[in-house]
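Visitor: Build the full structure now, drawing on both the sequences and the hints.
Now for the letters of each chain:
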Amino acid sequence: MQVTRRRRPARAAAACALAVVLAGPVLLLLLGSLHRPGLPPPDGVDVWPGDPRWRNLRDSFSLVPLARQLLNSVLVVTVAVPVTVLVASLAGFAMVTAGRRTRVALVAVSLAALAVPAAALWVPHVVMLERLGLTDRTVVVALPALMGTSPFLVLLFALAYSRIPRSLLDAARLEGLTPLRIWRTVALPLTRPAAFAVAMLAFVFHWSNVVEPLLLLSREETWPVALGVRSLSTLEPTLYPLFLSGALVATVPPVLAFVLAQRALFRGTIGA
Amino acid sequence: MTRPRRLWAGAALLAALGAGGCSSGDGGQSAGKEGSGPTQTVRVQVSGEPEETQVYAALAQAYERRHRDVRIDLVEVASKGDHLARLSTSFAAGNPPDVFLVNYREYSQFVARGAVAAIGDLLAERDVDLSDYYEQPVAAFTYDGDLQCMPQNISSLVVYYNRGVFADAGVAEPADDWTWDDFVATARQLTDGDVRGAGIDASIIRLAPFVWSNGGDIVDDLEAPTRLTLAEPAAREAVQDVVDLVREGSVPTEEELAAQDLQTRFVTGKLGMLLSSRREVPPLREVEGLDFDVAPVPRRADPVTILHSDAYCLSAGGDAQGAAADFVAFATGEAGQRLTALSGRTVPSLRSVAESPAFLDPLRAPSRSQVFLDGIASMRRTPVVPVWPEVEDIVEEQMTRAFYDESDDLDAVLSEIDRRTRPVLARSTP
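Top line first, the protein sequences correspond to chains V and U. Last residue of the first sequence: 272 (the numbering used here), numbering continuous. Last residue of the second sequence: 1430 (the numbering used here), numbering continuous.
Hint data in this document are derived by calculation from the structure and do not stem from the laboratory. Being a predicted model, the structure only gives us computed values, none of them experimental. Just so you know, not all the hints are guaranteed correct.
[Stated by the list, open to error] Quick look at which bits of chain V chain U covers, simulated, 3 or more residues with Cβ under 8 angstroms: (1) 34-42; (2) 114-127; (3) 210-221; (4) 229-238.
[Claimed, not checked] Quick list of in silico lysine to any residue cross-link-like pairs, SDA-like style, CA-CA up to 20 angstroms: (5) K1080(U) <-> R1206(U); (6) K1080(U) <-> E1397(U); (7) K1080(U) <-> F258(V); (8) K1080(U) <-> D1261(U); (9) K1080(U) <-> R1066(U); (10) K1080(U) <-> R219(V); (11) K1080(U) <-> E1390(U); (12) K1080(U) <-> P1386(U); (13) K1080(U) <-> M147(V); (14) K1080(U) <-> D1393(U); (15) K1080(U) <-> A119(V); (16) K1080(U) <-> V210(V); (17) K1080(U) <-> E1052(U); (18) K1080(U) <-> P1389(U); (19) K1080(U) <-> I1205(U); (20) K1080(U) <-> V1387(U); (21) K1080(U) <-> V123(V); (22) K1080(U) <-> P237(V); (23) K1080(U) <-> N209(V); (24) K1080(U) <-> V259(V); (25) K1080(U) <-> I1394(U); (26) K1080(U) <-> E1106(U).
[As the list claims (entries may be wrong)] Here's a subset of chain U near chain V, in silico, CB distances under 8 angstroms, partners left out: (27) R1043; (28) P1050; (29) E1051; (30) R1086; (31) T1089; (32) N1095; (33) D1176; (34) A1258; (35) E1288.
Ideal Cβ positions, reconstructed from N, Cα and C, are used throughout, including at glycine.
Guide: What follows is the structure, given as structure tokens:
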């Protein structure tokens, strides 16, 4: 890779130190998941399991159908993340290119929608999907993606687009490009980091969402993995190693997704 | 055998037992249509940790094997909060589960909302004879003159004790007729270093047996309560004694509990005695090297304990009510209760199973399970009114102050409880 930046050793060292601190909890999660279940919980911190027990992983998979639930979660994010990025970026672009009055109104509506407590929407949400006969299918929990998952993500895109010089967009329009084309060829490529951030936020939201699956899906086999881990979390303290190994399994995919997406992003930006 | 493997073996055993053998008392009307796939689905919502709900999965499987035309969709919700949230939302949305399992202290809010279809007549049509069951849970689930939900168990408050802690301290195990004074003396003897003698929650369901045993009461009228009576002399004396025991240091402090809860302290040998209901048994059985048993609630004057019971309720307006009632008749019948009793979790509400080795098995801890049955004669309960969970919340919040905040005097706490619970109770009496 032809990187022309100067790497300052101090900065690298600081980044490493930060990484170690942040990796701490994940490491504890890993070690905790290797203890033998059924023993009284340790008094204080008992980090290293004398005899690491990899079987916990299998046992937690049979207590709750985690394998199936992982697939369900993958399905949900595969649908929800691209749809969220698409919808939120289109909506954000519309917001920025609209006239001043419309823009103010749209921002106000988004902020108002953001202020509605999620709990107030549970019952209408369940009623609506129930009427449509859509409950009990895993993919329904990805439906909020159709409105950009959250007004916050739409506003995030709007903010990113608002930093593109207006003259650039005007020039493109004078060239005779349709708004859709301007969005695709001019605006979106200039806001890659925002798209990446929105994708990550949407990923984390959909991956860890438990309330909607709890209310909408009744069978364990249709649950996403977050709900399965939540149910493992109610195990007695003596069985926490099983809960922790379930939690570890649920943590790996988001970490992988983040690492891979970040590489793709930087390769793209630097190459551009 | 190591723990999880034992767990699977247990689950497999339960499933096998449920599949084979006795078919008495299942009350089913749709058996024997083999060959055709399920034509009807019954959705059953239960709450409990994954280990606990495996028993219900075994129950559902056993039922499906006998009734090939019915599918049981088991909805397993981990925590009680999630369970109630999901129930409330699904009732509001008009698509509740056909059957749900709920505690007697919580079901009446669903009855008051018209969400429960009274089960009494449906069970009578299925030849379920209520005289085969203990009367206390049946009475607790009778509301507005009808049996609303069918109880699956008759648990009660007992004292769990860690034999290892008793042996280390050289203290004799509790006798069947021990008194409050014996309990206090035992707790003091066990308290040493970081070991505490006894663990008790600051809730009304833990305090009530002591109040009753002292000749006091917790409410003015069990059927139509208008106020709590914890401040009256006999009740107050019993509560004061519990508070004194907590404050003198024989009970874990608030800080100690924040670090490790009572159950964890009990299994790690930092707590000699734990007041709780039957629900502790399955997890305690699974802890390696833990030797525990149960003793009755110590008496002040008369022996008294408090009912803990869960029942299967049918949702009003469900379109599978007949099949749902069939399932409940099976689950609370001989075969169903045998399955749940073997898990250790329940004290069966059906006399014949409660008095059988399925429950009393002397080879499985606690060896003194008979304590649960002996307590039935002197068992009392809390009022069944829709607002009761709110009352419990207020008492717990205030009694926590009395337990752990030395600056709070008990009389101030009791009058605060009275002041705040009166308007709540007033809402339930027309």
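Visitor: All hints are to be evaluated individually against the structure, with a verdict given for each.
Guide: So, going through the hints one by one against the coordinates:
1. 34-42: holds (count 6)
2. 114-127: Holds, because 4 residues of the segment 114-127 of chain V bring their Cβ atoms closer than 8 angstroms to Cβ atoms of chain U.
3. 210-221: holds (count 5)
4. 229-238: holds (count 9)
5. K1080(U) <-> R1206(U): It holds: about 19 angstroms lies between the C-alpha atoms, which stays within 20 angstroms.
6. K1080(U) <-> E1397(U): Holds, at roughly 19 angstroms.
7. K1080(U) <-> F258(V): 34 angstroms, violated
8. K1080(U) <-> D1261(U): 18 angstroms, holds
9. K1080(U) <-> R1066(U): At roughly 30 angstroms apart (the allowed maximum being 20 angstroms), R1066(U) and K1080(U) break the hint.
10. K1080(U) <-> R219(V): Satisfied, since the Cα-Cα distance of roughly 17 angstroms is no more than 20 angstroms.
11. K1080(U) <-> E1390(U): Within the cut-off at roughly 15 angstroms; holds.
12. K1080(U) <-> P1386(U): The hint holds at about 17 angstroms.
13. K1080(U) <-> M147(V): 32 angstroms, violated
14. K1080(U) <-> D1393(U): 14 angstroms, holds
15. K1080(U) <-> A119(V): The given pair, whose Cα atoms are some 18 angstroms apart, holds under the 20 angstroms limit.
16. K1080(U) <-> V210(V): 15 angstroms, holds
17. K1080(U) <-> E1052(U): This hinted pair holds, its Cα atoms lying about 13 angstroms apart.
18. K1080(U) <-> P1389(U): Holds. K1080(U) to P1389(U) sits at ~13 angstroms (cutoff 20 angstroms).
19. K1080(U) <-> I1205(U): 17 angstroms, holds
20. K1080(U) <-> V1387(U): 17 angstroms, holds
21. K1080(U) <-> V123(V): 19 angstroms, holds
22. K1080(U) <-> P237(V): Answer holds: K1080(U) to P237(V) is near 17 angstroms, not above 20 angstroms.
23. K1080(U) <-> N209(V): 19 angstroms, holds
24. K1080(U) <-> V259(V): 37 angstroms, violated
25. K1080(U) <-> I1394(U): 18 angstroms, holds
26. K1080(U) <-> E1106(U): 11 angstroms, holds
27. R1043: The hint holds - R1043(U) has a Cβ within 8 angstroms of chain V, the shortest such distance being about 6 angstroms.
28. P1050: 5 angstroms, holds
29. E1051: 7 angstroms, holds
30. R1086: Nearest chain V Cβ about 6 angstroms off; hint holds.
31. T1089: Since chain V brings a Cβ to about 5 angstroms from T1089(U), closer than 8 angstroms, the hint holds.
32. N1095: 5 angstroms, holds
33. D1176: Violated, because the Cβ-Cβ distance from D1176(U) to chain V comes to roughly 28 angstroms (cut-off 8 angstroms).
34. A1258: 14 angstroms, violated
35. E1288: Result: holds, 5 angstroms to nearest chain V Cβ.
Figure legend: structure checked against the earlier numbered hints; hints not met, in rising order: 7, 9, 13, 24, 33, 34.
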